[in-house]
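Chemist: Now for the letters of each chain:
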Amino acid sequence: MTKGIVKAIIENLVQVRVSGPVSQNEICYIDLDGVKLMAEVIKVLGDTAYTQVFESTRGLKPGSEVEFTEHMLEVKLGPGMLSKNYDGLQNDLNNMQGVFLTRGEYTDPLDEDSSWEFTPLAKTGDLVSGGDWLGSVPETWISHKIMVPFGLSGEYKLKQIAPKGTYKITDTIATITDEDGNDIDLNMIQRWPVKVPIKCYAEKPRPFKLMETGVRTLDTLNPMVEGGTGFIPGPFGAGKTVLQHSISKNADADMIIFAACGERANEVVEMFVEFPELDDPRTGRKLMERTIIICNTSNMPVAAREASVYTAMTIGEYYRNMGLKVLLLADSTSRWAQALREMSNRMEELPGPDAFPMDLPAIVSSFYSRAGFVYLRNGETGSITFIGTVSPAGGNLKEPVTESTKKAARCFYALSQARADSKRYPAVDPIDSYSKYLGYPEVIEYLNNNVNPTWVKDVLHTKDMLLRGREAQEQINILGDDGVPLSYHDKYWKSELLDRVILQQDGFDAIDSSTPMKRQEYMLELVLELCAKDFVFETFEEVMPFYIKLINICKQMNYVEFESDGFKNYEAELHKEADTRSAK
Amino acid sequence: MATQAFQKIYTKLNQITKATCSVRATGIGNEELATVGGRLAQVVKIVEDNITLQIYAGTEGIGTDAEVVFFGKAPSLKVGHDLAGRFFNAYGEPIDGGPDVEGTEVEIGGPSVNPVRRKQPSELIATGIAGIDLNNTLVTGQKIPFFADPDQPYNEVMAMVALRAQSDKIILGGMGLSNDDYLFYKNTFENAGVIDRIISFVNTTEDPTVERLLVPNMALTSAEYFATEHNEKVLVLLTDMTLYCDALAIVSNRMDQIPSKDSMPGSLYSDLAKLYEKAVQFPGGGSITIIAVTTLSGGDITHAIPDNTGYITEGQLFLKRDTDISKTIVDPFRSLSRLKQLVIGKKTRADHPQVMNTAVRLYSDAANAKTKLENGFDLSDYDERVLEFAREYSNDILAIDVNIDTDAMLDTAWKLFQKYFNKQEIGIKDEFMNIHWKKA
Chain R
1 MTKGIVKAII ENLVQVRVSG PVSQNEICYI DLDGVKLMAE VIKVLGDTAY TQVFESTRGL
61 KPGSEVEFTE HMLEVKLGPG MLSKNYDGLQ NDLNNMQGVF LTRGEYTDPL DEDSSWEFTP
121 LAKTGDLVSG GDWLGSVPET WISHKIMVPF GLSGEYKLKQ IAPKGTYKIT DTIATITDED
181 GNDIDLNMIQ RWPVKVPIKC YAEKPRPFKL METGVRTLDT LNPMVEGGTG FIPGPFGAGK
241 TVLQHSISKN ADADMIIFAA CGERANEVVE MFVEFPELDD PRTGRKLMER TIIICNTSNM
301 PVAAREASVY TAMTIGEYYR NMGLKVLLLA DSTSRWAQAL REMSNRMEEL PGPDAFPMDL
361 PAIVSSFYSR AGFVYLRNGE TGSITFIGTV SPAGGNLKEP VTESTKKAAR CFYALSQARA
421 DSKRYPAVDP IDSYSKYLGY PEVIEYLNNN VNPTWVKDVL HTKDMLLRGR EAQEQINILG
481 DDGVPLSYHD KYWKSELLDR VILQQDGFDA IDSSTPMKRQ EYMLELVLEL CAKDFVFETF
541 EEVMPFYIKL INICKQMNYV EFESDGFKNY EAELHKEADT RSAK
Chain F
1001 MATQAFQKIY TKLNQITKAT CSVRATGIGN EELATVGGRL AQVVKIVEDN ITLQIYAGTE
1061 GIGTDAEVVF FGKAPSLKVG HDLAGRFFNA YGEPIDGGPD VEGTEVEIGG PSVNPVRRKQ
1121 PSELIATGIA GIDLNNTLVT GQKIPFFADP DQPYNEVMAM VALRAQSDKI ILGGMGLSND
1181 DYLFYKNTFE NAGVIDRIIS FVNTTEDPTV ERLLVPNMAL TSAEYFATEH NEKVLVLLTD
1241 MTLYCDALAI VSNRMDQIPS KDSMPGSLYS DLAKLYEKAV QFPGGGSITI IAVTTLSGGD
1301 ITHAIPDNTG YITEGQLFLK RDTDISKTIV DPFRSLSRLK QLVIGKKTRA DHPQVMNTAV
1361 RLYSDAANAK TKLENGFDLS DYDERVLEFA REYSNDILAI DVNIDTDAML DTAWKLFQKY
1421 FNKQEIGIKD EFMNIHWKKA
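As they're listed, the protein sequences go chains R and F.
Residue numbering for the first sequence follows my numbering, starting at 1 and increasing by one per position.
Residue numbering for the second sequence follows my numbering, starting at 1001 and increasing by one per position.
Honestly, the hints are just simulated from the structure, not real lab data.
Because the structure is a prediction, the values reported are computed rather than measured.
Where is the CB? At the ideal position from N, CA and C, for every residue including glycine.
Warning: the hint list may mix true and false statements.
[Said to hold, decoys possible] Here are the simulated DSS-like pairs of lysine-lysine, each with C-alpha atoms no more than 25 Å apart in a straight line: (1) LYS423(R) x LYS1119(F); (2) LYS1119(F) x LYS1347(F); (3) LYS7(R) x LYS1347(F).
[Stated by the list, open to error] Have a look at the derived ranges for each label pair, beta carbon to beta carbon: (4) ARG1321(F) x ARG468(R): 33 to 43 Å; (5) VAL273(R) x GLN1015(F): 28 to 38 Å; (6) VAL273(R) x ALA1350(F): 52 to 62 Å; (7) ASP359(R) x LYS1346(F): 40 to 50 Å; (8) LYS518(R) x PRO1150(F): 18 to 28 Å; (9) ASP279(R) x PRO1099(F): 51 to 61 Å; (10) LYS43(R) x GLN1015(F): 20 to 30 Å; (11) LEU278(R) x ASN1191(F): 30 to 40 Å; (12) GLU1388(F) x SER365(R): 28 to 38 Å; (13) LYS1439(F) x GLU541(R): 24 to 34 Å; (14) LYS1346(F) x PRO197(R): 54 to 64 Å.
[Said to hold, decoys possible] Examples of chain R residues lying across from chain F (beta carbon under 7 Å, computed): (15) THR57; (16) LEU101; (17) ILE184; (18) ALA265.
Work out the full structure, taking the sequences as your base and the hints as a guide.
Modeler: The following block contains the structure:
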């Protein structure tokens, strides 16, 4: 094993003189008076390895000893990860002692003493390779598959598999034989380096299935798909985190991995407090049972922040290979990019735009490309849907992180300051935002088959109406209320009807916060039906009060149970009100 | 700080810049404290035996033969109950003529709280200012800055908030505070008779610039002591964070780092987050709440300092002069308290969220009507009514000199709703309308 001696210290960049071979991204431990500080090699120059330390280097002295581990930064994968709270390096935060984080304290991500009810899925004599399912254990309500380690390429013969029963994760549950006749014992644990994508699947087609999030402005107007990618840029205060939390609570996914990357600790605390209490709207179980939180808040070490998004993605890929729908959320990818910038700066690399490293676009796009919908080799499907937030400096979307992400992600949910200021939440701008999936023939077909036959046409029509409404509003502002034809007011208020009833949603109301697709379809068709009507007005002053009445009735509908008596009463009232001005 | 016996003294500096110097020495730890020619300095870079030190008071007059003494520890503060009621400089030395503080020595800028050990902030901090209590409620464990132009009365408002808020300790971290402002705070606290709850760490404009980098950590370290050891509710006031960031930029520049946006160091976000994230609700009941001031230049919030701050803090407060009533108000549009959802409608009356949103929406309609008026268009009947409403709302509720409790604010809002609007225009859930909308 290679050893080294600390030579220079500049904040968390430590130069180490090494005595043997080292590799790029190798993990090493630096000894600080008996405390081991974890670090990663990020550059090698002659016999000097440049390492970024995942902890504070306060008090570190030159001459300290360093031990190299011969492996890259890895995660430990196995049953028992669900509902855990990890830091960026996959330490189990709940198992750490004390109120304050202690430097050099590393905890086991898995509970090695836990035992699990194992059911074999493969049988002796089967030919298997990396990623194939050997058996399953129930983990909360997910059937957790025990797989052949992903690193084992080539074919192996299953020599022996444990019968149904209770085993510890460290017990041998299978023995496989390679082509040369060597036996390999397998338990339920495997390790994987976080920066390398897991590719043990048969095929990665274009995604086509709608991924419901319960957020109307997304599902109706700019849908996300299973295995899709999207990003949410927005200035501070526009509601990025609230929107992501709302997606994480209501999305139609088997499990959620939330990477809190360099953001506020209190926001994560909110999840810690709420998720064990909240019910999953689909299964009725607690949200926490399907959630893993990777938490590296802004005051935790910067280098571990960079690692946290990779840790989250790798855990996602592991669960995807079990045939699950995984939703991965990262808040915020800008903080990850800033971590890259801080290191690049300390290494005195030539800077790119805004002092970010030159290869930022490449790093961002290769990360987004790890999401996707896959067919596994056994015919099952799995997916990772990835939605990241971006925090553009000064709210200006022409900055390197937003631009790099725009090239990589297929959905763009632009949060607008103007909407946020006028409390139109979620503040997703209906005109600037897009989902490229709406143009995929396979997605159009899926939506028309599963929502209603004219759905995509109606959605595009809605977008047109919103745009026309905005244009009408601009004309009204320029020419004055009585300087424009009456029809401009009508157009504007029809778009307001769509905006306030369909797009705006009360994220804190028990019912309105999540809308199933069936209800979204019903409400959109109802509002479009109103919009298609010709209402009769004498003067422009009659337009606003009339539409405000309609909007209020529709909003009351949004607040009550779908198809309840209250809902139907409001609907009847709505039609009655609409009839008062309908053209004969 | 006096030198101790058996300390090795180095006397051969090999490099001196405006803020740093280098010396050859062995056995030195990163971030260790030292004195150079009697001035406090800290190790910022080590390359083999070449140690670079940042001298807080600047290097003017430092000779290559200056004595360098290393302390073998990072900057620290003696914490104890005696801190209360005292004024200190950036190094934690008394400046009020009183004795040194006895207590345990703790390194400043210590470790972060494990996020899973934090408690969710849930205790409301009432200030009597409606722009805060009604529209942007503050919660213990929150961190929130005032984004203010230099001409706005932010120090006065902050002192008012500090005195009205229920807290066990108020810790003032003054960075680049003018002597006048320092005396303002001192007198205000003394006159209010709360001096025994106050602790101040002050770097005035008369002191060296780089020294102020120590101030927030001194303030927060003492806050952590009172919040963890005595489970107290501590309010930390940091003014002015823009001047703190300027000092960061100076140091980073001297260290030859590549600047990012607005000449600020690339690590600005992390540097600020390390301070602001010290705001916490501890499991033992103690809490640290941070109210800061970030001065803006010409109201520009896209500048790197307010921008990074906004991404870290839980909201921001803007002051605004309402010319219709000639009073200062807390701007209802741009201000935001992100944690208000944890308390409004739960610790306050159930109609609070809806009343708050409705009033702000109507106030925004009034702003549109005002634009119409300025552009020379006729106003509709509705426009006239919202304008009237906005004036009264601003005067009776928002103005910072109004000091009433939240229930009174809500009642006043309902009264104004009913005075100017009909039920449809208000559009609040029927369950609240039935209770608060008085029958004619």
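Chemist: Taking the least C-beta to C-beta distance, is ALA265(R) closer than 7 Å to chain F?
Modeler: holds (5 Å)
Chemist: Does LYS1347(F) sit within 25 Å of LYS1119(F), going by the straight-line distance between their CA atoms?
Modeler: The given pair, whose Cα atoms are some 17 Å apart, holds under the 25 Å limit.
Chemist: Does the beta carbon distance between LYS1346(F) and PRO197(R) stay inside 54 to 64 Å, or does it fall outside?
Modeler: violated (44 Å)
Chemist: Assuming the hint says 51 to 61 Å, is it satisfied by the Cβ distance from ASP279(R) to PRO1099(F) or not?
Modeler: holds (59 Å)
Chemist: ILE184(R) was flagged as interface toward chain F. Is the shortest Cβ-Cβ separation under 7 Å?
Modeler: Nearest chain F Cβ about 37 Å off; hint violated.
Chemist: Note whether the CB distance of VAL273(R) and ALA1350(F) lies within 52 to 62 Å or breaks it.
Modeler: Violated, at about 21 Å.
Chemist: Should the hint that THR57(R) touches chain F count as held when the rule is a Cβ pair under 7 Å?
Modeler: holds (5 Å)
Chemist: Holds or violated: 28 to 38 Å for the Cβ distance of GLU1388(F) and SER365(R)?
Modeler: violated (55 Å)
Chemist: Evaluate the given range 28 to 38 Å for the C-beta pair formed by VAL273(R) and GLN1015(F).
Modeler: With Cβ atoms ~52 Å apart, the hint is violated.
Chemist: That 30 to 40 Å hint for LEU278(R) and ASN1191(F) (C-beta), does it hold up?
Modeler: violated (49 Å)
Chemist: Does LYS1347(F) sit within 25 Å of LYS7(R), going by the straight-line distance between their CA atoms?
Modeler: violated (56 Å)
Chemist: Hint says 20 to 30 Å; check whether the CB-CB distance for LYS43(R) and GLN1015(F) agrees.
Modeler: holds (25 Å)
Checked against the numbered hints listed earlier, the structure breaks hints 1, 3, 5, 6, 8, 11, 12, 14, 17; every other hint is satisfied.
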